[in-house]
Amino acid sequence: MVHYDIVVIGGGPAGLAAAIESRKNGVKNILVIERDRELGGILQQCIHNGFGLQIFKEELTGPEYAERFIKELINMGIEYKLDTMVLEVSDSKMITAVNPTDGMLHIQAKAIILAMGCRERTRGAIRIPGTRPAGVLTAGTAQRFVNIEGHMIGKKVVILGSGDIGLIMARRMTLEGAEVLAVTELMPYSGGLTRNIVQCLEDFDIPLYLSHTVINVEGHDRVEAVTIAQVDERLKPIKGTEKRFECDTLLLSVGLIPENELSKSAGIKLDNVTSGPIVNESMETSAEGIFACGNVVHVHDLVDWVTKESKRAGKNAAKYVKGQLENNCKNIKIKGINGVRYVVPHIVRPDNVEQTVELMMRVDNIYKNVKLVVKSNGEVIKEVKRKHVAPGEMENINLDFSKFNLGNSDEISIEIVKEGE
Amino acid sequence: MEARDMVCIVCPLGCKLKVIKNEESQNGYTVEGNKCFRGMNYGITEMTNPTRVLTTTVIISGSSIRRLPVKTSGPIPKHLIEEAMKIINEIEVKTPIKVGQVIIKNILGTGVDVIASRSMFINSEEGYLKDHLA
Ligand SMILES: Cc1cc2nc3c(=O)[nH]c(=O)nc-3n(C[C@H](O)[C@H](O)[C@H](O)COP(=O)(O)OP(=O)(O)OC[C@H]3O[C@@H](n4cnc5c(N)ncnc54)[C@H](O)[C@@H]3O)c2cc1C
Ligand code: SF4
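Sequence order for the protein chains is A and B.
Note that the working numbering has the first sequence beginning at 1, numbered continuously upward.
Note that the working numbering has the second sequence beginning at 1, numbered continuously upward.
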């Protein structure tokens, strides 16, 4: 059995930033475990630019962003193991992992940081009718094939889902010489950033069908055609609106789910809405000394936010190891209501707050000219105006705990209120 | 008055811009709705000569990964993207490659280079380490 002060599971941007921050806060004995053949996580396949504007004030590609953190990690001498898959985490912070050189590994950690990222929803998860030919794959898998392995995956493509990965793959496939016939989106709005609609679809005249879904896939060995149809308010296909596209590939970009098999094995409480662990202001889960950050907690739009959140996890894991995190203290529940689907963190222990806590949240619909209203035990303590909020764009509110008297508060809620009400 | 609505794509905030033709202003246009100066520049370039940064990959040998991600070191005119892709697709490189290394100089006479957007070293992890520490 080996011992470490902090073990970070996952070597993506979340894990890297958390490990680096733990070291900066005085913890020496840190190990990062990554199942892939290199560090960097999903960023290594995201070769487009748009990363790092907040953290580095310049526009980087995914690999460039990752490389800066990898370099810092290596220069700090933080240990890492590649090709190593963590199989289990126990609530006593025992980690079981395997790799080809060490075989089975048992590692005892004083603190653990979960940073396993997320995975894509697949065809099974959304039950698309039709045959089961080759050529139906998730956008992320396609991204890996094209950008890392160098395989072209199809010539005529239909994409279901207009999240950022779907949009980016529409452009990528076009640049590589494929024809993208349509991007279809179930909802009446796109789940992706507007800038991606502009530079990935409009630039290449790729049509976007909102309120449309795939109702049939044809083909025996390989996809031969995909039929889409418009949906009504109840998201049911409307007869007579079908469109059939002859194509050889269907890419699915229908959502990401935090990767929490390990969290479940450790008995960590999960949030039904985010599918990630319930965390407090220190990014600590319901299991003491086990922290979580990045897409394993909730799916982020921007890696910059992942980095910020992960620094918080790394810093607090270091505090925990040094016995500086207060545990037996007041808990304030943070809740999203009336249009706010969820808020992370879920719990704030004011005793551990240095000054501010960044609350991250998603809304359940598109709203114009609204206020995000923060209440403590029903009393308004903060309001921020927003011209436009959308489910695809995460909102943040910085709450300065030193400013409010939260003496007898046990719940803080955040809701959407129309301007003028 | 000639005006066009567009979304600024310079950063993920995606400000909604209104670009208005204005003979009196220095650039011939005024821009509204931008949160920062980059949005103004974007709005004007988008009217006069739209440009984009191109990101793609080239074939690489000597590493466990088969493609090296590359990008143009700055924006290039939008209408040159297809041609640029053709040239980039002809290129093959070998490890070692360091991030920022020029892969194609001055592509299509734009004054912009195509550069590596990550480092890639000979298969071993040690090579990776050594070069990073250098
Ligand atoms: C396909 C895809 C494309 C994306 N494209 C973009 C984009 O274009 N722009 C953007 O801003 N964001 C994008 N995102 C969001 C992106 O995931 C985040 O910005 C960021 O990469 C999240 O960082 P992370 O470290 O939490 O997760 P990841 O980058 O996913 O890293 C998690 C790491 O944990 C490892 N891991 C998981 N389980 C285990 C285990 N049991 N044992 C050992 N290691 C394990 C994984 O191999 C992985 O390397 C994309 C996400 C996906 C899934
Ligand atoms: S105007 Fe500035 S802040 Fe707004 S999207 Fe453009 S670059 Fe971003």
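Treat the hints as calculated values from the structure; they're not laboratory data.
C-beta: ideal position from N, C-alpha, C; glycine also.
Hints should not be assumed to be uniformly reliable.
Quick list of in silico lysine-lysine cross-link-like pairs, DSBU-like style, CA-CA up to 35 Å [claimed, not checked]: (1) A:371 x A:110; (2) B:16 x A:236; (3) A:155 x B:105; (4) B:105 x A:403; (5) A:24 x A:81; (6) B:35 x A:418; (7) B:94 x B:105; (8) A:71 x A:236; (9) A:269 x A:308; (10) B:78 x A:155; (11) A:315 x A:236; (12) A:315 x B:94; (13) A:368 x B:18; (14) A:382 x B:35; (15) A:418 x A:110; (16) B:86 x A:57; (17) A:71 x B:98; (18) A:156 x B:94.
DEER-style ranges, computed between Cβ atoms [to be verified]: (19) A:54 x B:74: 39 to 49 Å; (20) B:25 x A:245: 39 to 49 Å; (21) A:326 x B:111: 51 to 61 Å; (22) B:45 x A:354: 39 to 49 Å; (23) B:50 x A:388: 23 to 33 Å; (24) B:105 x A:155: 30 to 40 Å; (25) A:410 x B:66: 54 to 64 Å; (26) A:106 x B:50: 52 to 62 Å; (27) B:25 x A:385: 42 to 52 Å; (28) B:111 x A:244: 41 to 51 Å; (29) B:66 x A:121: 56 to 66 Å.
Here's a subset of chain B near chain A, in silico, CB distances under 7 Å, partners left out [to be verified]: (30) 12; (31) 14; (32) 53; (33) 55; (34) 56; (35) 57; (36) 65; (37) 66; (38) 71; (39) 85; (40) 87.
Here's how the hints hold up against the structure:
1. A:371 x A:110: 42 Å, violated
2. B:16 x A:236: 32 Å, holds
3. A:155 x B:105: 30 Å, holds
4. B:105 x A:403: The given pair, whose Cα atoms are some 55 Å apart, is violated under the 35 Å limit.
5. A:24 x A:81: 20 Å, holds
6. B:35 x A:418: Holds. Residue 35 of chain B to residue 418 of chain A sits at ~23 Å (cutoff 35 Å).
7. B:94 x B:105: 17 Å, holds
8. A:71 x A:236: Status violated; Cα separation ~50 Å.
9. A:269 x A:308: 23 Å, holds
10. B:78 x A:155: 23 Å, holds
11. A:315 x A:236: 47 Å, violated
12. A:315 x B:94: 40 Å, violated
13. A:368 x B:18: 18 Å, holds
14. A:382 x B:35: Holds, because 23 Å separates the two Cα atoms, which is no more than 35 Å.
15. A:418 x A:110: 47 Å, violated
16. B:86 x A:57: 31 Å, holds
17. A:71 x B:98: Holds, at about 12 Å.
18. A:156 x B:94: Holds, because 31 Å separates the two Cα atoms, which is no more than 35 Å.
19. A:54 x B:74: 39 to 49 Å: Because 21 Å falls outside the window, the suggested range is violated.
20. B:25 x A:245: 39 to 49 Å: Since residue 25 of chain B and residue 245 of chain A have Cβ atoms about 46 Å apart, the given range 39 to 49 Å holds.
21. A:326 x B:111: 51 to 61 Å: 57 Å, holds
22. B:45 x A:354: 39 to 49 Å: 43 Å, holds
23. B:50 x A:388: 23 to 33 Å: Roughly 25 Å apart at Cβ, these two residues keep to the hinted range, so it holds.
24. B:105 x A:155: 30 to 40 Å: 32 Å, holds
25. A:410 x B:66: 54 to 64 Å: Holds, at about 56 Å.
26. A:106 x B:50: 52 to 62 Å: Holds - the Cβ-Cβ distance for residue 106 of chain A and residue 50 of chain B, about 57 Å, lies within 52 to 62 Å.
27. B:25 x A:385: 42 to 52 Å: 30 Å, violated
28. B:111 x A:244: 41 to 51 Å: With Cβ atoms ~46 Å apart, the hint holds.
29. B:66 x A:121: 56 to 66 Å: Distance hint for residue 66 of chain B, residue 121 of chain A is violated at roughly 27 Å.
30. 12: 5 Å, holds
31. 14: 4 Å, holds
32. 53: 6 Å, holds
33. 55: Holds, about 5 Å.
34. 56: Hint holds; residue 56 of chain B Cβ to chain A Cβ min 6 Å, cut 7 Å.
35. 57: 6 Å, holds
36. 65: Nearest chain A Cβ about 5 Å off; hint holds.
37. 66: The hint holds - residue 66 of chain B has a Cβ within 7 Å of chain A, the shortest such distance being about 4 Å.
38. 71: 6 Å, holds
39. 85: OK, holds: residue 85 of chain B within 7 Å of chain A, min 6 Å.
40. 87: Where the cut-off is 7 Å and the nearest Cβ of chain A is about 13 Å from residue 87 of chain B, the hint is violated.
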